[in-house]
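Let's have the full structure, built from the sequences with the hints guiding it.
Chain by chain, the residues:
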Amino acid sequence: MARQNDPFSQNIDWLTLLLYLCLVTLGWLNVYAAVYTPESHTSPFDMSTNAGKQLMWIGTTVILIICILVVNHTFFDTFAFVFYGFMILMLILVLVAGSNINGSRSWFKFGSFQIQPAEFTKVATALALAKYLDVPGINLSKQKDLLYVAGIIILPCLLIIASNETGSTLVFASFAIMLYREGLPSWMPAVGLSAVALFILALIFPKLYIFIGIGVLAVLVILLMPRYNRTVANLLAIGVVGIGMIIFVTGVDFFVNNVLQKHQRNRIKVLVDPTIDPLGVGWNVTQAKIAIGSGRLQGKGFLEGTQTKFDFVPEQSTDFIFCTIGEEHGFIGALVVISLFVALLTRLVILAEKQRTKFARVYGYCVAGIIFFHVMVNIGMTIGLMPVIGIPLPFFSYGGSSLWSFSILLFIFLKLDSRRVAFTRR
Amino acid sequence: MLENRRWVIIGIFCLVGLVYLARLFYLQVLDDTYSLGASKNSIKRVVEIPYRGQIYDRNNQLIVYNTPVYDLYVTPKQVRIPDTATFCRMMDISRPEFDSIMGLAVNYSRVKPSLFLRQLSKEDFARIQDALVDYRGFEPVISSMRTYPAHTLSNALGYVSEISKKQLDNQDIVYYRQGDYIGHNGLEEQYEEQLRGKRGVKFMMQNVHGVNKGSWKNGEFDTLAVAGQNLITGIDVEVQKYADSLMQNKVGAVLAVEPSTGEILVSVSAPTYDPNMLSSRFFSKNYRALLKNPYKPLINRPATASYRPGSTFKLIQALIAQQQGTLFPNTVYGHGGSPMRCHCRGGNNLRGAVQNSCNPYFYNVFRKFIYHNGEHNVFKSSAIGLREWHDMVEKFGIGDRLGVDLPFERKGNLPTPEYYDKAYRGALRWKFSNVYSLSIGEGELLITPMKLVNLAATIANRGWYITPHYIKGFGKVGVGVPTEYSVKHQTDIDYKYYLPVIDGMRGAVAHGTVTPLANIAGIDLCGKTGTAQNAKFGHKYDHSIFIGFAPMNDPKIAVAVFVENAGWGGKAAASVAALVAERYLKRKTEATVLDAQVKASNYMPPAQFLFDARKPTTPKKDKDTTQKPSAPKPMMTATKPKVVTVTGASGN
Chain A
1 MARQNDPFSQ
11 NIDWLTLLLY
21 LCLVTLGWLN
31 VYAAVYTPES
41 HTSPFDMSTN
51 AGKQLMWIGT
61 TVILIICILV
71 VNHTFFDTFA
81 FVFYGFMILM
91 LILVLVAGSN
101 INGSRSWFKF
111 GSFQIQPAEF
121 TKVATALALA
131 KYLDVPGINL
141 SKQKDLLYVA
151 GIIILPCLLI
161 IASNETGSTL
171 VFASFAIMLY
181 REGLPSWMPA
191 VGLSAVALFI
201 LALIFPKLYI
211 FIGIGVLAVL
221 VILLMPRYNR
231 TVANLLAIGV
241 VGIGMIIFVT
251 GVDFFVNNVL
261 QKHQRNRIKV
271 LVDPTIDPLG
281 VGWNVTQAKI
291 AIGSGRLQGK
301 GFLEGTQTKF
311 DFVPEQSTDF
321 IFCTIGEEHG
331 FIGALVVISL
341 FVALLTRLVI
351 LAEKQRTKFA
361 RVYGYCVAGI
371 IFFHVMVNIG
381 MTIGLMPVIG
391 IPLPFFSYGG
401 SSLWSFSILL
411 FIFLKLDSRR
421 VAFTRR
Chain B
427 MLENRRWVII
437 GIFCLVGLVY
447 LARLFYLQVL
457 DDTYSLGASK
467 NSIKRVVEIP
477 YRGQIYDRNN
487 QLIVYNTPVY
497 DLYVTPKQVR
507 IPDTATFCRM
517 MDISRPEFDS
527 IMGLAVNYSR
537 VKPSLFLRQL
547 SKEDFARIQD
557 ALVDYRGFEP
567 VISSMRTYPA
577 HTLSNALGYV
587 SEISKKQLDN
597 QDIVYYRQGD
607 YIGHNGLEEQ
617 YEEQLRGKRG
627 VKFMMQNVHG
637 VNKGSWKNGE
647 FDTLAVAGQN
657 LITGIDVEVQ
667 KYADSLMQNK
677 VGAVLAVEPS
687 TGEILVSVSA
697 PTYDPNMLSS
707 RFFSKNYRAL
717 LKNPYKPLIN
727 RPATASYRPG
737 STFKLIQALI
747 AQQQGTLFPN
757 TVYGHGGSPM
767 RCHCRGGNNL
777 RGAVQNSCNP
787 YFYNVFRKFI
797 YHNGEHNVFK
807 SSAIGLREWH
817 DMVEKFGIGD
827 RLGVDLPFER
837 KGNLPTPEYY
847 DKAYRGALRW
857 KFSNVYSLSI
867 GEGELLITPM
877 KLVNLAATIA
887 NRGWYITPHY
897 IKGFGKVGVG
907 VPTEYSVKHQ
917 TDIDYKYYLP
927 VIDGMRGAVA
937 HGTVTPLANI
947 AGIDLCGKTG
957 TAQNAKFGHK
967 YDHSIFIGFA
977 PMNDPKIAVA
987 VFVENAGWGG
997 KAAASVAALV
1007 AERYLKRKTE
1017 ATVLDAQVKA
1027 SNYMPPAQFL
1037 FDARKPTTPK
1047 KDKDTTQKPS
1057 APKPMMTATK
1067 PKVVTVTGAS
1077 GN
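Respectively, the protein sequence lines represent chains A and B.
Note that this note's numbering numbers the first sequence so that position 133 is 133, with each residue one more than the last.
For any residue, its number in this note's numbering is found by taking its place in the second sequence, counting from 1, and adding 426.
Keep in mind the hints are simulated off the structure, nothing from the lab.
Don't be surprised by glycine CBs; every beta carbon is placed ideally from N, CA and C.
Treat each hint with caution, since some may be false.
Derived CB-CB ranges, DEER-like [stated by the list, open to error]:
#: 1; chain 1: B; residue 1: Tyr534; chain 2: A; residue 2: Val71; range: 55 to 61 Å
#: 2; chain 1: B; residue 1: Val455; chain 2: A; residue 2: Tyr209; range: 31 to 37 Å
#: 3; chain 1: B; residue 1: Tyr921; chain 2: A; residue 2: Leu208; range: 20 to 26 Å
#: 4; chain 1: B; residue 1: Asp595; chain 2: A; residue 2: Val96; range: 44 to 50 Å
Which chain B residues stay away from chain A? Per the calculated CB distances, all over 12 Å, these [to be verified]:
#: 5; residue: Phe439
#: 6; residue: Leu447
#: 7; residue: Asp509
#: 8; residue: Lys711
#: 9; residue: Thr730
#: 10; residue: Pro755
#: 11; residue: Cys770
#: 12; residue: Gly772
#: 13; residue: Tyr797
#: 14; residue: Glu801
#: 15; residue: Ser863
#: 16; residue: Val903
#: 17; residue: Gly948
If you want a taste of the chain B side facing chain A, the calculated C-beta under 7 Å gives, among others [what the hints assert, rightly or not]:
#: 18; residue: Ile436
#: 19; residue: Phe451
#: 20; residue: Leu453
Written out as structure tokens, the structure is:
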């Protein structure tokens, strides 16, 4: 769409653009299918339906993309911190002046037009991180630098939590992928993954069993250790780790039962036991699974879905859009969509590695991480592998804020990348 | 070195993709749990609402049961009505009504069923059943309606009606949906969870036209509905109904409990209404009318009306002063030195003072109690004394909620030293002479009838009480009764101190302040009258109060009666209490003269009189509203006030 008008078109990475166009088009068709009712025969261009509105959003996105491609590539580098500061300001402002939609005060409302600053904060944070890490001498294995990076990530998180949008906050965890690439000490992701594993175990099994398990594990480690390694210091270290795990498990228990709000707690518990709360979240997940499962191998065909028609699945055109794909296009449709996403993500990583500046590379990894996190959580929750967290499927879900922010995110990177290509050709 | 980490990252992306595809392959291809037979079928969830538990009295008499009725649901999208006028005539609704109901339904959802008409009786439904076949989109759902064969106890029971918007939004775990029934007020709300049972969910397969194609997966995922539990109460319906009849043309409350168990035998709030009024398709009309009724029949007076206890409170004063060591059975006080007037001759000992309800006597008792500490500063001494008084009175369950099994119970008021500090804007600015009216149960004291009947039961037990409660069991006696209803609360007053007080109470009925007719032979009633000041607050008559128990030895029933605006406590309230006690103990009424006298007496304040404190209105207009035929009248009361009280009030 954009390429005819774009003076830099020859330098754009065609493969990424193609993948992007495929995803956006499929997304729009599915939004149409999700809101389609056989009796009313609405056209996909009808502006009163979500599909029509989504088309309008796509149109405005094209304009945005052109703007991004036209501006000078140094623009993003230069103003990275300014964007970041501006978004932080917006997040504070929305707390004061925002409208309350579905219990979270995170939207600006201009007439019938709503916009959620949290969506755009991801882009600004990615730019700020890239800018900061671009400074020569910054090293993630240094504690001080790591602290600054953590600060850049955590500040917007706190503000978004304050506006009661927990789902969007979790997205900031996706920067871990970029940090890992940029030299985060490798024990950190290991600890993080173990924590997640323990968290899930703590939900499934009674505490006592886990405590016994931790004890047995510690004893095993000590027994299997070579005799000469059994120093007091090592034994002490194992003890400390073991006790740390026990405290963590107890903490999880306390957190789930006392800190989380009821609906959040249910969303996590449903993951472990879908029969809990069959009328609430459990119902959503069951319905999503039924919709997807009923698609079988080939699907029921475009616009032929029934589960997704009769309001069985909630949030049909936004968070649960993947159900429509699963139902109407079956396993083959799901395979195509997931393959497209994996291809896009892989392509982004390959492009990021090719970058000549650290700024562009870090930013590229941020983009890949953010998109990956959204895809993983969104599809994961519809097939019952992830808790129900209300975050959109990139390029697919209905909604202007999310389409805009993902497109901006992606095309800033493509812009930076086009500069690299121009440079090598010269 | 670090750039090799890209392979790890790409590996993670591919791994997650593969795991998800494997999961999808399992869900969509291997596992046929989610296969829906024909590809165009969908699954519909049908919710089965079980019967609500019935409510019984202590003698196994039914108080509440369910009558099957039909709710008619509409799915706007499927509606095909050839001729709306005929349809409206058949449904017995007007065209605008039809339009507004349909509008609401469309607003809610075009594809999900909404309530169209509720609680069609079996007869109504039979009439339209055949015709309904011609109208698509309407679906009858069998439901039930609360029915009250005894026509009584409405205030304590509460009612069952549609869930309110607020309750719907405030659910912790989402259980109720819009249009569901839920217990409101009274026992229906208190024991909602046990009474409602557990609803079941059935998954049905439907084709796109909404036609059922059988159950899904042979009902593997269905959950069965569990019927609600039957509630057995301690109420004695026969005596309850009798008490109702005695409270005709009166405003107030009658409560009776079994002292040894704390079970509530009688719970009358007057004026009352027929509970069946709030259990039909005319709920909102009837409810609005009851709400507007100036006598406020919806208020459950036993637990939520606060009165000053008046002279009945002297019993507590006598008990705690003895325990403190400042009063002895043979202590004698005259009328001198007291600012209070009295109707007796004076010079009583404790027993005589209770029997004759001597005001100056208890003024002196209270004075001695308050100043019984080493402090010489009267202000400080009053504060210390009142604190001690408060702590001892509190043991009788006064000053806080008792914990009776009703959702709304008033705390009442038992003043603390801090309370007066606040009232007099600073500590040490008040002393005994500012608070002495507490000695005879006036002043800032506020007590619910429930607490007074509890006091009667405490004295009957000579020192302890079990919190009054309605429940006797779920399904079987003793099952599911909260454990707090078997705890004996001690008052920490020695047994021996109760004896002279009880002697005095027997004396009060036999030859004291109680009207002679109420001393019914063979029931050995002990009691204390009270006359709560009301007249000096702009009303014509005081409130009449009586608490007591019978028989004197091994008491079987404790009673508290409030009759508003009935004047002297020894007459109206004591008569009702004596008759209720007699009926419970003898299962019949032998005191027919008293019975006739009570039933004939009318203490209804005129409606305009109820209002005049706030909103002056002309008597004529108000009389009209109470007599309007459309406004449902409280069943047990004549709404037309007698002329006597009207003339009395008009002078105001």
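Verification of the supplied hints:
no.	hint	verdict
1	B:Tyr534 to A:Val71: 55 to 61 Å	49 Å, violated
2	B:Val455 to A:Tyr209: 31 to 37 Å	35 Å, holds
3	B:Tyr921 to A:Leu208: 20 to 26 Å	50 Å, violated
4	B:Asp595 to A:Val96: 44 to 50 Å	25 Å, violated
5	Phe439	5 Å, violated
6	Leu447	6 Å, violated
7	Asp509	22 Å, holds
8	Lys711	32 Å, holds
9	Thr730	31 Å, holds
10	Pro755	57 Å, holds
11	Cys770	62 Å, holds
12	Gly772	64 Å, holds
13	Tyr797	51 Å, holds
14	Glu801	47 Å, holds
15	Ser863	49 Å, holds
16	Val903	34 Å, holds
17	Gly948	59 Å, holds
18	Ile436	5 Å, holds
19	Phe451	6 Å, holds
20	Leu453	5 Å, holds
Checked against the numbered hints given earlier, this structure breaks hints 1, 3, 4, 5, 6; the rest are met.
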